[in-house]
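Chemist: Protein chains in written order, with the UniProt record's numbering: chain A, 1 to 249; chain B, 1 to 261.
Simulated from the structure, these hints should not be mistaken for laboratory data.
In this text, all values refer to a predicted model and were calculated from it rather than measured experimentally.
Yeah, the Cβ is synthetic: ideal placement off N, Cα and C, and Gly gets one too.
Heads up, a few of these hints could be off.
[Stated by the list, open to error] Just so you have them, the derived chain B footprint on chain A, three or more residues with Cβ under 8 Å: (1) 167 to 181; (2) 235 to 244.
[Claimed, not checked] Reference excerpt, derived from the structure (chain A facing chain B, CB under 10 Å, subset only): (3) 3; (4) 7; (5) 27; (6) 28; (7) 60; (8) 118; (9) 148; (10) 211.
[What the hints assert, rightly or not] With a Cα cut of at most 20 Å, we get these calculated PhoX-like pairs of lysine-lysine: (11) B:225 to B:79; (12) B:73 to B:9; (13) B:225 to B:73; (14) A:135 to B:79; (15) B:9 to B:245; (16) A:174 to B:73.
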Amino acid sequence: MDRALYIAMSGAKQNTLGQTAEANNLANVSTTGFRRDFEQARSMPVFGDYYPTRAYAMEERPASDFNPGPLVETGNDLDLAIDNQGWFAVLDANGNEAYTRRGDFQVDGLGRLVNGQNQQLIGAGGPIVLPPYEKVQIAADGTVSIQGVGEEPAVIAGIEQIKLVNPDLTQMEKGEDGLFRLRDAEPGAIQPADPTVQVASGYVEGSNVSAVHSLTQIMSLHRQYEMQVKMMSTADENAQTTASIMEIQ
Amino acid sequence: MHSALWVSKTGLNAQDHGLTTISNNLANVSTTGFKKDRAVFEDLIYQIQRQPGALSSQDSRLPSGLQLGTGVKVAGTQKIHTTGSLEETSQPLDLAINGRGFFQIALPDGQIAYTRDGTFHMDAEGNIVNSQGYLLEPNITIPDQTNTMTISRDGIVSVTQFGDTTPQEIGQIDVVDFINPTGLQAVGGNLFLETAASGAPEIGVASEDGFGSIEQGFLENSNVKVVEEMVKMITVQRAYEMNSKVVSSADQMLQYLAQNT
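My request is simple: use the sequences and hints to build the entire structure.
Modeler: The following block contains the structure:
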């Protein structure tokens with residue numbers, strides 16, 4: 001019997017995986033700093049002892065979309081958005097450096113600057129900790145200046161420098177925790193700060209998922225899937241016809 | 001089953017929580033001293049279905065893998081402690097803090113709660129109490145026969161009594177501040193409680209050392225901006241609709257499979 005049934009099945013299965021990837025994009029349409037994942041299928045010829053006549057579909061996530069998301073004004077001094085290219089450096093669950101575009105920062109009870117996912121922001125001299133302050137200002141180059149409690153506005157002083165990096169995007173890869181790291185980087189490796197990266201205070205960067213695009217993609221995968229199922233039933237009919245010819249009258 | 005179904009379910013769930021936050025903000029648009037919440041979304045973990053760099057044959061590698069995200073969740077709500085606009089009421093017991101700081105309220109169980117709502121009243125014994133009747137901490141009792149009561153910008157309460165023209169100082173209203181007011185726990189009734197995330201309260205004198213000044217005859221409005229909330233509501237609704245579209249698409253795919261094979 002021909003393997004058309006199996007090939008159609010593999011196509012349908014890969015379509016559901018693509019559907020999951022797009023559904024994840026759409027679910028994160030309002031997640032701060034979220035980067036959309038691309039989703040594509042590739043034909044994989046089956047090599048073996050024989051001539052490779054068959055090709056199976058294989059779904060993959062080649063990369064994430066690094067286009068900037070929309071900037072949303074919040075008026076909150078600690079909310080930061082990166083203008084154009086660049087990344088914030090944060091500590092991941094293992095205490096290593098990882099990168100994110102998520103800039104909805106707040107001060108926790110110990111004065112540490114953490115983002116909405118509770119990841120600690122790294123500065124020029126390690127994780128950033130702010131003393132009690134009355135007013136905080138973050139400049140475009142990532143300098144944090146504070147007016148300490150009980151101090152005159154005149155003594156506002158720069159105390160910290162947020163580490164902003166800009167590694168080669170082709171080397172950046174999204175990890176299981178949604179943070180980005182450099183492909184093939186050693187654990188504990190750090191990237192140098194890039195002084196040209198600019199931030200905007202009082203803004204957060206939204207998700208770069210285009211709802212229209214994702215929804216269209218989902219519809220298209222839906223139709224492809226239907227075609228694969230149709231192929232399966234056609235293969236089934238063929239098999240039945242063959243069987244009926246072979247039947248002894 | 002179809003994993004897109006579950007992923008889009010997380011999207012629906014998160015948007016639903018987002019809408020709850022927005023509707024609570026809108027419901028409290030005229031609550032004195034109310035601080036709005038912002039729903040914080042985060043993406044769930046990714047599952048590696050196929051490892052990038054794995055061998056695809058004896059001497060070739062997969063150039064990219066397949067890592068599927070598992071959806072979104074609401075990581076929490078973040079209180080936005082920006083100051084609301086001050087509104088003049090001319091009531092002597094209406095107080096607002098212009099700047100950082102909270103009033104302290106003694107709860108009936110002995111705990112101290114913190115509030116920005118300065119709508120104070122007097123009870124039958126002359127104590128200054130909040131709208132729920134809980135005492136201001138430290139307790140201030142206004143004596144009988146009080147003619148006028150003045151609260152200075154640094155919190156000193158002084159009264160003049162009938163037949164006496166010299167004002168008498170009867171107490172001091174302290175303000176407290178936290179290193180991270182966002183970490184306070186909202187318990188309703190415009191009250192907040194200290195948590196491990198907020199840090200310990202720092203008691204101080206109003207209009208000194210960075211604390212806000214106390215303004216008598218003013219109230220702080222809610223910091224909810226109606227237009228902003230409406231726009232957020234539209235965004236949430238559309239995101240919800242699109243996620244539900246994915247649910248129905250995934251459902252139809254399964255249905256189609258069941259009917260046509």
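Chemist: Please go over all the hints and tell whether each is borne out by the structure.
Modeler: To see whether the hints hold, each was checked on the structure:
Figure legend: the segment 167 to 181 of chain A, annotated as covered by chain B; annotation consistent (6 residues with Cβ-Cβ distances under 8 Å, at least 3 required). Judged by the Cβ-Cβ criterion of 8 Å, the segment 235 to 244 of chain A is not covered by chain B as claimed, because only 1 of its residues qualify and three are needed. The beta carbon of residue 3 (chain A) is not positioned within 10 Å of any beta carbon in chain B (closest approach about 16 Å), and the interface hint is therefore violated. About 15 Å separates the beta-carbon of residue 7 (chain A) from the nearest beta-carbon of chain B, more than 10 Å, and the hint is not met.
Using the Cβ-Cβ criterion of 10 Å, the hint placing residue 27 (chain A) at the interface with chain B is satisfied: the shortest such distance is roughly 3 Å. Satisfaction of the interface hint for residue 28 (chain A) is found here, the shortest Cβ-Cβ separation to chain B being roughly 5 Å, below the 10 Å cut-off. Satisfaction of the interface hint for residue 60 (chain A) is found here, the shortest Cβ-Cβ separation to chain B being roughly 5 Å, below the 10 Å cut-off. Because the closest C-beta pair between residue 118 (chain A) and chain B is about 7 Å apart, less than 10 Å, the hint holds.
The criterion of a C-beta within 10 Å of any C-beta in chain B is met by residue 148 (chain A), whose closest approach is roughly 8 Å, and the hint holds. At a threshold of 10 Å, the smallest CB-CB gap from residue 211 (chain A) to chain B is about 5 Å, leaving the interface hint in force. The suggested pairing of residue 225 (chain B) with residue 79 (chain B) holds, with an alpha-carbon distance near 14 Å, which does not exceed 20 Å. For a cut-off of 20 Å, the pair hint linking residue 73 (chain B) to residue 9 (chain B) stands: about 10 Å separates their Cα positions.
Under the criterion of a C-alpha separation no larger than 20 Å, the hint pairing residue 225 (chain B) with residue 73 (chain B) is inconsistent with the structure, at around 25 Å. Pair hint residue 135 (chain A) plus residue 79 (chain B) holds up; C-alpha atoms about 18 Å apart against a cutoff of 20 Å. Using a Cα cut-off of 20 Å, the hinted pair residue 9 (chain B) and residue 245 (chain B) holds, with the two alpha carbons roughly 11 Å apart. Restraint check: the Cα-Cα separation between residue 174 (chain A) and residue 73 (chain B) comes to about 18 Å, which is no more than 20 Å; the hinted pair holds.
Of the numbered hints stated above, those contradicted by the structure are hints 2, 3, 4, 13, listed in ascending order.
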